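A.B. asks: Below are the chains, spelled out letter by letter.
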Amino acid sequence: MQIKETSGKFCGEALLFDEKPLLSVSDLTTCFYTDAGIAKAVDRVNFTVNPGDTLGIVGESGCGKSVTALTIMRLIPEPPGKVRSGKIVFSGRDLLQLSEKEMRRIRGKQISMIFQDPMTSLNPVFQIGKQISEVIRLHQGLSRKESLHHAVALLQKVGIPSPERRVFEYPHQLSGGMRQRAMIALAISCHPKVMIADEPTTALDVTIQAQILNVIQDLKTTIGTSILLITHDLGVIAETARTVIVMYAGKIMEYAPVEDLFERPRHPYTIGLMQSVPSLEQETERLPVIPGLVPSLLEIPAGCAFSNRCDHVTRQCVNQEPPLFDITPKIRCRCWRYQ
Amino acid sequence: MPGASGSQRSVLARMSRHVRKHILGALGLGVTLCMVLVALLAPLLAPYDPYDQDVAKRFQPPIWHSEGNTDHVLGTDHVGRDLLSRLVYGARISLSVGVFAVSIAATIGIVLGLLAGYYMGKTDALISYLIDMMMSFPYVLLAMALVATLGASFRNVFIVLGLTSWPLYARVIRTEVLRIKEMDYIQSAKAVGMNDIRILLLEVIPNLFNSIIVICTVQTAAMIISESFLSFLGLGVQPPIPSWGGMLSEGRTYMLEMGWLAALPGMAIFLTAMGINLLGDGLRDFFDPFKRKQG
Amino acid sequence: MRNYIVRKIFISILIVAGVVTGTFLLLYLSSDPVATLLPPEATARDIEKFRSEMGFNDPLFVQLGRFMVQVARLDFGQSYINKQPVTRLILERLPASVQLTACAFLFSLCLSIPLGILSAIRRFSWVDNTATFLALVGQAMPIYWLGIMLIILFGVKLFWLPISGRGGLQHLILPSITLGTALAPIVMRMTRSAMSDVLNQDYIRTARACGLSNIRIYFKHAVKNAILPVIAVIFFQIGSLLSGAVVTETVFAWPGLGRLAATAILAGDYPLVRALVILFTVFVVAANLMGDILIARLDPRIRIK
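Going line by line, the protein sequences match chains V, L and X. Per our numbering, the very first residue in the first sequence carries number 177; after that it's consecutive. Per our numbering, the very first residue in the second sequence carries number 1242; after that it's consecutive. Per our numbering, the very first residue in the third sequence carries number 5; after that it's consecutive.
If you're looking for bench data, these hints aren't it; they were derived computationally from the structure. From a predicted model like this one, the values you see are computed outputs, not experimental measurements. There may be inaccurate statements among the hints.
[Claimed, not checked] Below, simulated SDA-like cross-link-like pairs (lysine to any residue); rule was C-alpha separation at most 25 Å, straight line: (1) V:LYS277 to X:ASN204; (2) X:LYS224 to X:ARG305; (3) V:LYS277 to X:LYS12; (4) V:LYS216 to V:LEU389; (5) V:LYS277 to X:ARG126; (6) L:LYS1363 to X:ALA257; (7) X:LYS228 to V:GLU345; (8) V:LYS216 to L:ARG1255.
[To be verified] To list a few chain X residues with every Cβ distance to chain L over 12 Å, as calculated: (9) ILE15; (10) PHE65; (11) GLN82; (12) PRO118; (13) ARG126; (14) HIS175; (15) PHE240; (16) LEU246; (17) GLY248; (18) ARG278.
Heads up, the beta-carbon is just placed ideally off N, CA and C, and yes, glycines get one too.
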């Protein structure tokens, strides 16, 4: 079934579950074996990315969102990391079972990724046109000339002015925003089905942030790429995502469409996050803060991972870890209050 | 295997990493301390007087040779002097030259490097020019020429070595100072109104200790090797004072039949230098917080 | 980039000028050539006459200026010992030194750079451990001892290789290996370190995320970045390579400039020493300059401002 999107957010609930998911992550667990112990960075995470979807993963630093993305791409360095369990089904195959060679054919071509800091994420000694055309030649077998042509077209598509000149420039000659656009061009060069964006705007100025988010949004309409957007910034989520996952200490705490999440956040952690964002309308003397600290991934407490900081904590929360409850078919929450 | 993407690090690799990170430096420290002790306790350790000649007993091979005996564990040289005793006393010469030369070079180099890095401008231009110029000289030739002119003696050797090797220290210190200067705590010290001398003493110099210790350690080995080469050429400590380089030079004449006369002194130099280098590497890893986290 | 290069050339010229001056002053202050040049029976009047004729009584600046002009014309006077023009002596020995140094250079680079790269790719593997161990040993080993040991082992115990002098290819082997040890360990450790740093960079992760193969990542994306500091270290270590050449040529009786310098210093042949010191230094300065220029050309961050 082909879905043609026109613009903006898609509100029809029914359609979200009609298509076969593009990417389906089930029971994914990734651990890191360090000298200090075993850190469970990703703990039994389940989610799906549907065609045309923008799935946002939000959470603070260290909650496991980037590790999840890197695990999907199978870019976790094997020592010290290890994927302990789970399946990642993409186009009918479990990515975790593929050989490295097969995985390389998927990376950059069917699933691609952009990273946080465009200055360090682009090779400083290669022209950006070369970096892009190299990927095109690799995955699509075009000639040098043709792939360079494509590179110019891609730079144009992401909104870089004078692309035919820029294509011969080096990363240090571009501004921060343009570098990120170049990275996006690199990521979409082979028209991937899914693009993972790991904190794409964190390293940029606020004004540029909006531009980059627009570029990312447009990809859905122009190329039909689904987005997996990782960020710690609730504002970015509100702006761009359609479905949201809130992660904490490696686990999913809440999973909901974006409107529901912002209108009525369920999980105490989500509520706390929303409250800590200052608003221009409120008059506040002090910003509300979630008391306590994130537990170290080496020693996650038994019971709910958020129990040591929660306002509504009960004995059950401390002793038993809540599963992810289905509040509605589309809203899930890992909290005993929604049993 | 799920998620396999890189290479599996074998047990051997994990062990190597551990050894290299933690054990080698300790080994270096041990060897260096040994050598220092040998040098300090030479009169107690040497079985014979290193100057005692006994021509009747010349060219006795070391104990592992068929003709060796326990009288002279490492054999005797061409005039019958006990090799072990000479090696033990030679440690004194080598190590003290190393320490003195490094002291001279470090003093000059650190002061100049500090001035150049902190005050910049004309001071820096002049000092950097001096550094570049001196570092362009082929070190060995310069040292040789100076010692030849001044006359070969223990004192001249370490003075010359010290005077020719200071540029390296100055360059390293200067780079460090430039880096430290940009740090925020220096800016805040200035904003609070601290005067330059206080900033230098209280803020800058303590941060230089790490680099200073590392470079002094590594350079000590270099000085020992340089001194031995000068002695090898006859430009260092004069015979009959036992010096490892001189012993090597004497041994060279007889190396065709009595190889140990050359091999043993060289081994002494090598082990000492190796120990000091390992210690220096260990110290560098110890002080550098970034490397500590990496593998 | 052009400003950068022009500035470096200018500084290099200044350094050479400083070196020439320094060399002159050093030997002016320390030697009295008259004693060496004249026969022992010369009377005080003869000495005085000789002095003023040769210009040794002129003021310092005049002598220095004269020297500078001579240097510019590549006229370094006559050797005190041989009574031959210094320039000719140098030119005679130059090819031998060039041959030895070039061989040692090639040998050490061919060994150390690949080992360094492999060590960084597979850290703590047996390749890495062996290579690092060899580098540590090589750095601690006094070169002349290595030379002597090699002579004893290969020349005496096993009669495989000749032990001194210059001749055919087999004469080159031991001296080249010995001299190569002055350069190889540092280059290998630098290569390993630079390559390791590069492999930890974000852009390598991006390259992997694009599906590039390991070979491509290591030998194209990584090496092109890692080679820059390695080139720097190679060029700036030329000085110690030359120092090592003096040592090696002495041990192996190799008829090159290093040995010439050693014997000249020991004999007190000042014109020759002066000329050789200046020559060596100019070479080092030129090598440093070339290194700077090469890096400026290869690194786009410097080339294009």
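A.B. asks: Please name the hints from earlier in the document that this structure breaks, with their numbers sorted from lowest to highest.
C.D. replies: Violated: hints 3, 4, 6, 9, 13, 15, 16, 17 and 18.
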